[in-house]
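6 protein chains.
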Amino acid sequence: MSDLTHIDAQGNANMVDVTQKSVTEREARAEGYVYMNQNTFDLIVSRGHKKGDVLAIAQIAGIQAAKRTSDLIPLCHPLMLTSVKVHLEPEAPTDEQPQPRVRIESLCKLAGQTGVEMEALTAVSVAALTLYDMCKAVDKAMRIEGIQLLEKRGGKSGHYQTPSASQSK
Amino acid sequence: MSDLTHIDAQGNANMVDVTQKSVTEREARAEGYVYMNQNTFDLIVSRGHKKGDVLAIAQIAGIQAAKRTSDLIPLCHPLMLTSVKVHLEPEAPTDEQPQPRVRIESLCKLAGQTGVEMEALTAVSVAALTLYDMCKAVDKAMRIEGIQLLEKRGGKSGHYQTPSASQSK
Amino acid sequence: MSDLTHIDAQGNANMVDVTQKSVTEREARAEGYVYMNQNTFDLIVSRGHKKGDVLAIAQIAGIQAAKRTSDLIPLCHPLMLTSVKVHLEPEAPTDEQPQPRVRIESLCKLAGQTGVEMEALTAVSVAALTLYDMCKAVDKAMRIEGIQLLEKRGGKSGHYQTPSASQSK
Amino acid sequence: MSDLTHIDAQGNANMVDVTQKSVTEREARAEGYVYMNQNTFDLIVSRGHKKGDVLAIAQIAGIQAAKRTSDLIPLCHPLMLTSVKVHLEPEAPTDEQPQPRVRIESLCKLAGQTGVEMEALTAVSVAALTLYDMCKAVDKAMRIEGIQLLEKRGGKSGHYQTPSASQSK
Amino acid sequence: MSDLTHIDAQGNANMVDVTQKSVTEREARAEGYVYMNQNTFDLIVSRGHKKGDVLAIAQIAGIQAAKRTSDLIPLCHPLMLTSVKVHLEPEAPTDEQPQPRVRIESLCKLAGQTGVEMEALTAVSVAALTLYDMCKAVDKAMRIEGIQLLEKRGGKSGHYQTPSASQSK
Amino acid sequence: MSDLTHIDAQGNANMVDVTQKSVTEREARAEGYVYMNQNTFDLIVSRGHKKGDVLAIAQIAGIQAAKRTSDLIPLCHPLMLTSVKVHLEPEAPTDEQPQPRVRIESLCKLAGQTGVEMEALTAVSVAALTLYDMCKAVDKAMRIEGIQLLEKRGGKSGHYQTPSASQSK
Numbered sequence: 011m012s013d014l015t016h017i018d019a020q021g022n023a024n025m026v027d028v029t030q031k032s033v034t035e036r037e038a039r040a041e042g043y044v045y046m047n048q049n050t051f052d053l054i055v056s057r058g059h060k061k062g063d064v065l066a067i068a069q070i071a072g073i074q075a076a077k078r079t080s081d082l083i084p085l086c087h088p089l090m091l092t093s094v095k096v097h098l099e100p101e102a103p104t105d106e107q108p109q110p111r112v113r114i115e116s117l118c119k120l121a122g123q124t125g126v127e128m129e130a131l132t133a134v135s136v137a138a139l140t141l142y143d144m145c146k147a148v149d150k151a152m153r154i155e156g157i158q159l160l161e162k163r164g165g166k167s168g169h170y171q172t173p174s175a176s177q178s179k
Numbered sequence: 011m012s013d014l015t016h017i018d019a020q021g022n023a024n025m026v027d028v029t030q031k032s033v034t035e036r037e038a039r040a041e042g043y044v045y046m047n048q049n050t051f052d053l054i055v056s057r058g059h060k061k062g063d064v065l066a067i068a069q070i071a072g073i074q075a076a077k078r079t080s081d082l083i084p085l086c087h088p089l090m091l092t093s094v095k096v097h098l099e100p101e102a103p104t105d106e107q108p109q110p111r112v113r114i115e116s117l118c119k120l121a122g123q124t125g126v127e128m129e130a131l132t133a134v135s136v137a138a139l140t141l142y143d144m145c146k147a148v149d150k151a152m153r154i155e156g157i158q159l160l161e162k163r164g165g166k167s168g169h170y171q172t173p174s175a176s177q178s179k
Numbered sequence: 011m012s013d014l015t016h017i018d019a020q021g022n023a024n025m026v027d028v029t030q031k032s033v034t035e036r037e038a039r040a041e042g043y044v045y046m047n048q049n050t051f052d053l054i055v056s057r058g059h060k061k062g063d064v065l066a067i068a069q070i071a072g073i074q075a076a077k078r079t080s081d082l083i084p085l086c087h088p089l090m091l092t093s094v095k096v097h098l099e100p101e102a103p104t105d106e107q108p109q110p111r112v113r114i115e116s117l118c119k120l121a122g123q124t125g126v127e128m129e130a131l132t133a134v135s136v137a138a139l140t141l142y143d144m145c146k147a148v149d150k151a152m153r154i155e156g157i158q159l160l161e162k163r164g165g166k167s168g169h170y171q172t173p174s175a176s177q178s179k
Numbered sequence: 011m012s013d014l015t016h017i018d019a020q021g022n023a024n025m026v027d028v029t030q031k032s033v034t035e036r037e038a039r040a041e042g043y044v045y046m047n048q049n050t051f052d053l054i055v056s057r058g059h060k061k062g063d064v065l066a067i068a069q070i071a072g073i074q075a076a077k078r079t080s081d082l083i084p085l086c087h088p089l090m091l092t093s094v095k096v097h098l099e100p101e102a103p104t105d106e107q108p109q110p111r112v113r114i115e116s117l118c119k120l121a122g123q124t125g126v127e128m129e130a131l132t133a134v135s136v137a138a139l140t141l142y143d144m145c146k147a148v149d150k151a152m153r154i155e156g157i158q159l160l161e162k163r164g165g166k167s168g169h170y171q172t173p174s175a176s177q178s179k
Numbered sequence: 011m012s013d014l015t016h017i018d019a020q021g022n023a024n025m026v027d028v029t030q031k032s033v034t035e036r037e038a039r040a041e042g043y044v045y046m047n048q049n050t051f052d053l054i055v056s057r058g059h060k061k062g063d064v065l066a067i068a069q070i071a072g073i074q075a076a077k078r079t080s081d082l083i084p085l086c087h088p089l090m091l092t093s094v095k096v097h098l099e100p101e102a103p104t105d106e107q108p109q110p111r112v113r114i115e116s117l118c119k120l121a122g123q124t125g126v127e128m129e130a131l132t133a134v135s136v137a138a139l140t141l142y143d144m145c146k147a148v149d150k151a152m153r154i155e156g157i158q159l160l161e162k163r164g165g166k167s168g169h170y171q172t173p174s175a176s177q178s179k
Numbered sequence: 011m012s013d014l015t016h017i018d019a020q021g022n023a024n025m026v027d028v029t030q031k032s033v034t035e036r037e038a039r040a041e042g043y044v045y046m047n048q049n050t051f052d053l054i055v056s057r058g059h060k061k062g063d064v065l066a067i068a069q070i071a072g073i074q075a076a077k078r079t080s081d082l083i084p085l086c087h088p089l090m091l092t093s094v095k096v097h098l099e100p101e102a103p104t105d106e107q108p109q110p111r112v113r114i115e116s117l118c119k120l121a122g123q124t125g126v127e128m129e130a131l132t133a134v135s136v137a138a139l140t141l142y143d144m145c146k147a148v149d150k151a152m153r154i155e156g157i158q159l160l161e162k163r164g165g166k167s168g169h170y171q172t173p174s175a176s177q178s179k
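Residue numbers (the numbering used here), protein chains in the order written: chain U, 11 to 179; chain S, 11 to 179; chain E, 11 to 179; chain F, 11 to 179; chain R, 11 to 179; chain L, 11 to 179.
Accuracy of the hints is not assured; some may be wrong.
Copies of one chain are not kept apart here, so a pair can be met inside one copy or by any two copies together.
[Stated by the list, open to error] Listed below are the simulated EDC-like cross-link pairs for lysine to aspartate or glutamate, each with C-alpha atoms no more than 20 angstroms apart in a straight line:
hint : residue 1 : residue 2
1    : K150      : E37
2    : K31       : D105
3    : K166      : E99
4    : K31       : E101
5    : K166      : D149
6    : K150      : E161
7    : K166      : D52
8    : K150      : E106
9    : K31       : E106
10   : K166      : D105
11   : K166      : E106
Rather than coming from a laboratory, the hints here were simulated on the basis of the structure.
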């Protein structure tokens, strides 16, 4: 598989035909980070002890976005996720990682004919955007970084683990 | 404005009340990057000379996503964008920037009561995800990096330019 | 099952993982009522003999809403309904029930890994809201009452019938 | 205004033409209740002290649903809400009101040509459905009751207050 | 204006920037036809005397689709329609027009910065598709024909009337 | 099957119950045409050699619309397409067909309990509307014609070929 599967021989866009693929259990795990200044980080963390905090809202937004992936990404197949998990973890600055950040990790599953990598990545992206939205009044310089697939299982291509994933957490 | 505007005094989520804000012309510019290996980069660039290439599809997906921002981000206001531009530019490796990447820049505008930062950031994010989707068969290790607001104009808070924006292009 | 399945041990929201659940035939039946004044009731009933009446539009809105349940309810799984029925019945006042009302009943089915209670309840709710919308110019005091699950079949928890369902029809 | 505005003289459905209406500031307030057993009520209340609780998720779902009202209710106009507030309050049983319940209240605003009653009612309905969804594993007999408009302001018909609203809170 | 406004000088897709356009009252009228065999036509017409007939459902679907135009057509601006009308009229065969058909006409209005031609055309198209859907069990050979803009008013380009529109009704 | 399956015996709308239908592989092929003047045709064709051309955008819009069919057509079942193909072909005028046009053909597939005719027809319709949108600044008199089902396979009713399909290509 050495070529772009979504573009056919004539250069046209193509939704990959998965009709003949077998139904297998599939899952994908992705991550991403939102970097911010110390003041914003402190506000997020201190709010974390009350209801309605920004992390909970970003988590819900990420779960909902995973369900809408095929609506957002033009050549994604519609599919029926059986599980979506999104977790946000504030990471205080350390010597090696001096800027405060929130780490986002997602896990999506289904039994189907196509993988769920895009659902996992979309969940992380929209959770990150939601975090940005809720803090932008105090910190417009936040950055979203390091969105990547960590791992996938199932399907013909089998198990995949992103090289950098071992050290990413 | 030293606090999170989307969480009220009781810790509840809050869609900021903009009823009394004046209608002004507003715009926001955002950017982001997708890093990939050389083979993937070459496939994207060579396809760029034919119709239906991945950059054109990612661009369309970004424009459409901007229009759906209030559906994706829970506390965003619905609004009527008057302009959305998304541009993708392959950047071949250089000495300073040794990994091949595609740079994505968006520009959103409207005349309204609330800013369009989230629309610009959402356009970049979904264009990046679409690029990932179309190339993932050849390169699962692509990463989405550096999504940030470059600039905004209009509204009470006036002109804002991200500190790093000056050198980013 | 003595706890809230949608909140995990850390207090985070959770879309229940149904990956390992078996696919069984499932159905759910729900009901609800819209109470109104006599004049509004008469308008609805008299229009019922012509095409384009409010009951037909409310019915269509209820069917469509059932299909969008996972878009509306954050932790609902996307699923593929195989049947949606919505029925609206004007109920003239009686001695026991002196206020005119319209009764709404829905029935949803699928073969899947998760139940369709929320789809049935969403169909009833949106049909009721649509009825309100179409009559609100003449009667803003209408009330939506008694939305409940009547019965469900299929899945691990088996057959369920709401205690009050026996007398509700 | 003694007739159904959404049905024209030929009995056809009709999206009311508001082109000539003036833009005024409008708001609407609605309420509703979810009745449940004591065990479910206790679970909701005790979770209320941790992040990610069911009330916060139902609140977010209600806010998002308000923004999608014109997608759900066939003859509603699309409009740009400037404010949506949803509040959920557990009400422990009293002598007069012996069943535990959660009260939901919403407030929607915009400056526009048409009212926001349907948005306020939709927010309450979907928040109630979300509450049901998150507790249905422990209590399928919950009921959604008393969804009604409490008050509206703005527009040609001016101020309206539901007769029962004075005592409802 | 002698070129494609939606493609910029570099050949990229472009959502036309209407930020500087003035807000004027705009409207557009479109039509289309669904051709069918006599049996299908008779079923539609005879059902027309009962509630829930296919014409009423197609009409509702057309109105709803007009509201979703910017979601369907990638480079359309989001806008707030103030009026949508859809009318379906069965036309029995005549000497000049020997095949039974249903004529669909739509009218959309708003006060805004961009026209509503696409909304009017989308309403007709989806009403036609809905008619097809409801009759396809008896007549798969139905054809959708003659979808065109009849007339538009407002905006810089002013009044436009399709040449063939004069005789089309 | 001599009657309208989507209307029940009481004249109510009905989403056909497919719960008991067997899962079979199904596909449907549809076509349609957009007629235009020579100038518009030339612009489309000449742009076809650059990236971002109108045909590529219309193709993407058609693919995305197929995935949203059950959202647009009230009584369509939600389903999980395994393949969507949309192809647009400019057809220069000939003696028999003197007006320039673009032909659109779609092919949809899934393994499911219900057919995909509506998905194929919706893909063609929205691709045609998108073409219209992108060229309307130069040619408002374009017409969408000849949208029909060409062929379907699978399901109880088996293979169907539209009579006129043999000569249509």
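The hints, checked one at a time:
Taking the shortest alpha-carbon separations for K150 and E37, only the inter-copy value of 14 angstroms comes in at or below 20 angstroms, while the best intra-copy value is 34 angstroms. Taking CA atoms no more than 20 angstroms apart as the test, K31 paired with D105 passes in neither setting, with 48 angstroms inside one copy and 43 angstroms between copies. For the identical chains of this complex, K166 and E99 are neighbours neither inside a copy (33 angstroms) nor across copies (33 angstroms), given an alpha-carbon limit of 20 angstroms. Neither within a single protomer nor between protomers do K31 and E101 lie at most 20 angstroms apart by alpha-carbon distance, with minima of 41 angstroms and 35 angstroms respectively.
Taking CA atoms no more than 20 angstroms apart as the test, K166 paired with D149 passes between copies only; the shortest distance there is 16 angstroms, against 44 angstroms inside one copy. Proximity of K150 and E161 under a CA criterion of 20 angstroms is satisfied inter-copy only: 9 angstroms between copies versus 31 angstroms inside one chain copy. In this assembly of identical chains, K166 and D52 lie within 20 angstroms of each other by CA distance neither inside one copy nor across copies; the values are 45 angstroms within and 25 angstroms between. In the homo-oligomer, the alpha carbons of K150 and E106 never lie at most 20 angstroms apart, since the shortest distance is 24 angstroms inside one protomer and 27 angstroms across protomers.
Neither within a single protomer nor between protomers do K31 and E106 lie at most 20 angstroms apart by alpha-carbon distance, with minima of 45 angstroms and 43 angstroms respectively. Within a single copy, K166 and D105 get their C-alpha atoms no closer than 42 angstroms, and across copies no closer than 38 angstroms, so neither meets the 20 angstroms cut-off. For the homomeric pair K166 and E106, neither the shortest alpha-carbon distance inside one copy (38 angstroms) nor that between copies (38 angstroms) is at most 20 angstroms.
Against the hints set out earlier in the document, violations occur for numbers 2, 3, 4, 7, 8, 9, 10 and 11.
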